[in-house]
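Chemist: Here are the chains, one letter per residue:
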Amino acid sequence: MSEAINRAWLLSDAPASRAQAAWGRRYRLWCDFRANPLAMSGLIIAVLLILASLAAPLLARYDPSAQELTNRLAVPSAQHWLGTDELGRDVYSRLLYGGRVTLGMVLAVVLLVAPLGLAVGCIAGYFGGWADALLMRVTDVFLAFPRLILALAFVAAIKPGISSAVAAIALTAWPPYARLARAETMTIRNADFIAAVRLTGASSARIVLRHVAPLCLGSLIVRVTLDMSSIILTAAALGFLGMGAQPPSPEWGTMIATARRFFLDQWWVPLIPGIAIFVASLAFNLLGDGLRDVLDPKQR
Amino acid sequence: MKNRFGRLAGSASSLLITLFGLVLVTFLIGRVMPIDPIIAIIGDHAPEDVIARVRVELGLDRPLYVQFGIYVWQLLHGDLGRSVMTSNTVVEDIQRYFPATIELATVAIVIATLIGVPLGVLAAVRAGSRIDIGIRVFCLAGHSIPIFLLALMSLLVFYATLDWAPGPGRADVGLEGMVPVVTGFLTVDSLIERDWDSFYDALAHLVQPAGVLAYFSMAYIARMTRAFMLDALAGEYVITARAKGLSNLRVIWRHAFGNIAVRLVTVLALTYAGLLEGAVVTETVFSWPGLGQYLTVSLLNADMNAVLGATLVVGIIYMALNLLADAAYKLLDPRVA
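Here the protein sequences come in this chain order: A and B.
Read left to right, the first sequence gives residues 0 to 299 (numbering that gives the first Met the number 0).
Read left to right, the second sequence gives residues 0 to 336 (numbering that gives the first Met the number 0).
Check before you lean on any hint, since a few could be wrong.
Said to hold, decoys possible - Some chain A residues judged to face chain B by a derived CB distance under 10 Å, without partners named:
hint, residue
1, Val140
2, Ala152
3, Ala156
4, Arg259
5, Gly273
Unchecked claim - Some residues of chain B that are not near chain A, with every Cβ distance over 12 Å (derived):
hint, residue
6, Val53
7, Glu56
8, Gln66
9, Gly77
10, Val124
11, Leu155
12, Val180
13, Thr182
14, Thr186
15, Ala242
16, Ala272
Source of the hints: derived by calculation from the structure; they are not laboratory data.
Ideal Cβ placement from N, Cα and C applies to all residues, glycine included.
The following block holds chain B by itself, in its conformation from the complex (with noise of 0.2 Å):
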């Protein structure tokens, strides 16, 4: 036991080490910038004696290493500035986005893994055979293929040719701002608040981003499924349980599957945290007003402020997912001492 908060107090200072990293690369990044802060607030027409002014308010004026400590200490209060294109404070905005990213990745990996998980099992079990290459290429497919041409293709296909799904966007118009925010997640809200029109409409709006987003990242958790199966197959005790006589199906999901459920909760939550990543470029083409598209929204009119507010919150987020799936083999495989 003793052993085990030891190393728990280790990882929880390197935590600290990377978390101090991650913020000084985000505010070296804003500092490296050739776009001068100044001019972007009040412009380039300003009078020599205001720019002067308005450096000094900023603390521009002082040596790197204030500027930086001012910088933790407002992070430490939860201040990430304020947003030069949409006057909010950065943290409201990202209260603001954050669910429907959420929600959007959410969705995927739910689908990602009820298709990602089986069609692996099923590779390992027919390992060699034609099945598995053809998973494998499948596989191999979405995980090569641009994420932002998937998606432009899926619109073309199910929205403006087949018209099966609805459009860009998160709700229909006539529907947007109907429900009242109360977990941000609009399929919830709308349970809540028993709309059953905004509840449909929110999950078809939802089906299109997800499924793209789904197949970019079950190409992972299939591989993974299938190599860890493989191992698992190949076990001693899945040798047992055959020459016990359990049926095929009962060896393969109740011993093997079972042995590897704690290892792909890992692969999950490593999936889930590059989703951030691919819901960049989904959000922007699907419109849908998450932290992926505010990010690029803020990028293309140099609102630094909310970039590297936007690029820290996704940090910290990837790597506490990083660290829960770290904890999670830890915590549920006792093999791991």
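Okay, chain A solo, but in the shape it has when bound (with noise of 0.2 Å):
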């Protein structure tokens, strides 16, 4: 009953308030993103994946470094769900903690790269001339590289591990926004209702922050979203190359590595965390996917 309710409230075609537009719109979004079965199955293996990671100390069987060089290398089994690694360590238990590692570094990654992606863009856009020319041939730089390549560079210079890695990938991982957010606020600079914002007298500050941040923020979602899997896959290939987490972090990309030697005889050592990977990186690409179509149908 209450929620046929809450259902015509949303649709309402006349909204009372500004709360009931907006909600109203977002019900709107979620009903188009609901009717991609793709999307949303990126959207609960995603979810899933972070419960799972964030439940590790419930979920874990063993200490993910206990080590039992008895029983190394073991196939799957009812003790042991997905075997253990070279020193007889659970891999399950393992890629539950692994997942924090993992999730924790894109987190990071994210959190530095897209205020400042969007700050770099939404300034350049705004005011445009020499501020603009001197921070898009900055973006531009950074852009000339590849990221892996930069990030290794950069890596190797400073000490490997986890920070040095995050700091590596954002450092080359916001030059795309700042173009993106760069490009919306240059549609939105000349609109009417922002002459109108600045005839009311608010300051440049202001209506950067209030009337056009907001506004790049949709591309932007939909961008940080698909980013996310390519930054999984390059902190795990910085993992792999014994540039990113260090062992014995059960760190997926550094599982692999590691577990490389027996990848001929005990090819699941390798396989499974790899296989993470995989899964993680695939839903965050679906969720994107399925985030562009109903956020940024232009884009599609």
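Since each chain comes alone in its own frame, lean on the hints to assemble the complex.
Modeler: Take a look at the structure:
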């Protein structure tokens, strides 16, 4: 009963308040999104992965660093659901804790990069002139390196590890956001409503923060979601090459790197974390694709 | 015409600025490292006065901007320093390793194009159908799978289990170094020599790493082809062509595809640039003696001259390809005035 009323309230053609209009719009977007089975499966997998990593201490059956050297490289069994690695550690438990490392790195990169890219792009796009020229040249320089290679050089220069990997990925990830936010800002900059806000005496900072930046968020969210998969892959590749998280950390790429020696005989040991990376990355790709169709139809 | 020259000058100047930035970034990365470059060269047991002398010899006692000036000056003379690991100059090393990477990336992009473009066209023609969804998922999977996992599994299946493909490396041990180096591309060199054994061997070694790279880059090609084709198929000229009674195949390939070919050139150039990145990991797994492997081995040995040299070269090529993509689009498509 109440559901029907809520639905009517959300879909009302004549919303009585701003909040009602905003929620109505969100509900309509959600309905569009829900109709896409690929996107929904991406969302469900992503949520499950995040929940599983958060609940790792509850779900794990062993301490992820507990070694059992008499039981190395065991096949999956009732005791060890996904087998054990080269030091006899339980792969299933390591996978859960590794999810925290991997998803934590993704989160850290996104939190660093999205606001930075948004700020650079909005400032360049809104003010134009020399600020635009300067910021865009800097962006071009960072776009001129393939991502993984710049990250590798950067990590090698500092010190391999999780925090330098995050810094290196962030360093290479922000330019596309700046480009995107700049393009969006330039289409908004000369709109009538911005002129109206300016006439009421709003400062440039207020216009950018309250009126320009929020409108860039839609395409930025799409981009962030699609980017998460490439961040996961870059972090894993850094780990695999020995430049990301260091053993004994259960980061998925690092797990593959240490298990790589056994892949001809005990192939499941490197394969299992590989599948985890694949599933996580695919989930964010599906989710991002679905979000793009809903939030950014012109990009389709 | 005059306008075109003006724009050319504009993009040339922004190119120079980007290039300068590229050099500056690699220089700065080289200077922030906590590993003392002197200790990397003469070891940490050297006496104080030797360390001081080497510091002066390397110019490391000068202010940073002077060092940068020297670095740029050396670069302009084609000097990237000497690799500690191979004790060759970095330029020599890059000349030796780079052809292997180009060979690999070129074969990969040919495979990716031959499969990706028809898949994209098929998906667009059957938009919304099961085929479309299937192709989309297949390509998205290629984009989501870690390339080193794909490479490892491909070795496991096709080399270790089925024995269809030769193992890692660029040639069999017995055939290594048999063909004189002319172009550096093993397939081309063996053809020049008419050494068929070496040719088939080189080709067989190429298939697996190139196939892995191709699957990785196919996703983008297929997706863009699909999007462009959807656009083109909705055009009025396509309706006209159909109304004239042309066959379906002719409408799709001659009329719609003909119009998107130029835009695809751009996509291919960008994909080729992206392959440089995939090559780093693929080469490591397949022990492919290319620039990617050179880069990772130098990284693990903290051989900074080699790392920075390789990074700079890759950066410049990446930039050149991006530029080429842009230029091809502007030159070939008369609609972009």
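Chemist: Checking against the hints above, which ones are violated?
Modeler: 11 and 16
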